[in-house]
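A.B. asks: Please construct the entire structure, taking both the sequences and the accompanying hints into account.
If you read the protein sequences in the order shown, they are chains A and B. Using UniProt numbering, you'd call the opening residue of the first sequence number 1 and step up by one each time. Using UniProt numbering, you'd call the opening residue of the second sequence number 1 and step up by one each time.
It is worth saying that the hints were derived from the structure and are not from the lab. Mixed in with the good hints, there may be bad ones.
To be verified - Partner residues aside, some chain A positions facing chain B, computed with beta carbon under 7 Å:
(1) Tyr37
(2) Gly118
(3) Asp165
(4) Ala244
(5) Leu358
(6) His370
(7) Ile371
Unchecked claim - Pairs of lysine-lysine, DSSO-like flavour, derived with a Cα cap of 27 Å:
(8) B/Lys35 <-> A/Lys142
(9) B/Lys143 <-> B/Lys77
(10) A/Lys141 <-> B/Lys41
(11) B/Lys77 <-> A/Lys142
If you're wondering where the values come from, they're calculated on a predicted model, not measured in any experiment. We put the CB at the ideal spot given by N, CA and C, even for glycine.
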Amino acid sequence: MAAQAIHQFAECITCHAWSPDHSMIAFCPNTTEVHIYKFFTDKWEKLHVLAKHDQIVSGIDWSRSSNKIVTVSHDRNSYVWTQEGQDWVPTLVILKLNRAALCVQWSPKENKFAVGSGAKSVSICYYEQENNWWISKVIRKKHESSVTSIAWHPNNIHLATTSTDGKCRVFSTIIKGVDTRGPHAGASVDWKFGEQIAQLDLSPTWAFGVRWSPSGKTLAYAGHSSMIYFVDDVEGSPAAQNLALRDLPLRDILFVSEKMAIGVGFDCNPLIFAADETGLWSFVRYLDERKVTPSTSKASQLSEALGKLYGQSRQGSSSDTVEPSKPRGGAHENCITCIVPLRKGSESIVKRFSTSGLDGKIVVWDLENHITIPK
Amino acid sequence: MANTLRLYLTCIRNTLEAAMCLQNFPCQEVERHNKPEVELKTSPELLLNPVLICRNEAEKCLVETSINSIRISLKVKQADELENILAKKFLRFLSMRAEAFQVLRRKPVQGYDISFLITNYHCEDMHKHKLIDFIVQFMEVSKGLVNEQLTARVSLDMFVVSEMFILRASM
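C.D. replies: So this is what it looks like as structure tokens:
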């Protein structure tokens, strides 16, 4: 089984994040608090409760090298938590938003973080040494609806966003004094802060879960019409591949390598997507094997079909009631809302990752010995 | 007849299965608010196209979906005056006890007999398949009650009353 460990932490989990060494986990149990648990030899124990927000916490991110936690909440505020001794000390970040903050992510260099919000804008926050204060700059008037998800390009400059207006946009977030313009930035053109680099109008309805591939060559996001979009060469001439799914829509995506991605959503079961040598993406299979209960034998299905053919006379009187739907037999029992990689060191391929959902479970998945990950 | 009812209910079940993909979504228009968008209808982009499932003119089901809530409105078949009165009384009785049902709306949408309002909070607390089972079962039971059992009961009462009337008259 690909699910390595299943932990029931709460009734419902909105989002979660791992500490740099993966020994601690921070999550929001659908309340105003953030709980931090640590794994001791055989069981998880609650170490800290970060209680500063006064509405539901919608996003958590734990920086890998600087060991800082950033949290955002529907109360329009954001806190950066730093560990001092045993305690976590919060610093308020004024986001300059007048609506709820919905998602947050540290930039790859961890000198900035971005917050998507219901105010139809994105805040880019950075630390100002002189004032000992987090400053935010807002990208306004580009989105026509709430920003549901954000993703940093590995170059630390480009930021992709998805919104409930169905569009996916890429912005430049270059900030004087924080970012250095150099060859590593990748962009040949000098983009100003907040300038829109690309706008992808592929989804007819809400878009979610935008992610860059490890190299930043491919961008993926999901549409609520049960579609997943893979876009190559976003900056130059975008080439998009639209993939329609058989089942319910996705909420979040994770690239495990350049050629493989995992999608999670309302199906309660992670989906594996892979690209072949020509770069053509396709759905591979579900990750979780479900225990299918053989409720109806083949014979009864056949007789049912025959009954349909011969009219209703063969139908039993009991068949006018619709049989109740069966519970799902997978690791998750409700919508999966969050997928987080568990990276070891600097390797580019993610072999382990964790998912959390509305059923309050955090499931750690291991892809090794389960599926071959193409590089 | 029984078979068409099954198809109708299966269609509703499948529609609900696809439509009930809800998430927590704070209000875009009012600060610090979080309200069912399907009721407010302030941002048209947060609403999906409503689906109307009709078995016939007298029996239909309207499913309206938004990003954080879904509204299901039912019209129960009323063949005659008696069924009309029975349906009205019975569903009013339920609507007045809406809190006990959690997902029941206090007032039905105009043109329908009873409405349900399911928000993302219900989906967080309850299993989705159980919620859908509840709605479909409710439809089945209410239809059986209004169109068969209650009508039969009233006819029986009528029979008893008329019998007594004839007895009195003949005395």
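A.B. asks: Does each hint fit the structure? Answer for all of them.
C.D. replies: Hint check:
1. Tyr37: violated, 21 Å
2. Gly118: holds, 5 Å
3. Asp165: holds, 6 Å
4. Ala244: With Cβ-Cβ at 14 Å, over 7 Å, it is violated.
5. Leu358: holds, 5 Å
6. His370: violated, 28 Å
7. Ile371: Where the cut-off is 7 Å and the nearest Cβ of chain B is about 27 Å from isoleucine 371 of chain A, the hint is violated.
8. B/Lys35 <-> A/Lys142: holds, 25 Å
9. B/Lys143 <-> B/Lys77: With Cα atoms ~7 Å apart, lysine 143 of chain B and lysine 77 of chain B stay inside 27 Å; holds.
10. A/Lys141 <-> B/Lys41: At roughly 22 Å apart (the allowed maximum being 27 Å), lysine 41 of chain B and lysine 141 of chain A satisfy the hint.
11. B/Lys77 <-> A/Lys142: Roughly 49 Å separates the two Cα atoms, so the pair is violated.
In summary, the numbered hints that this structure violates are 1, 4, 6, 7, 11.
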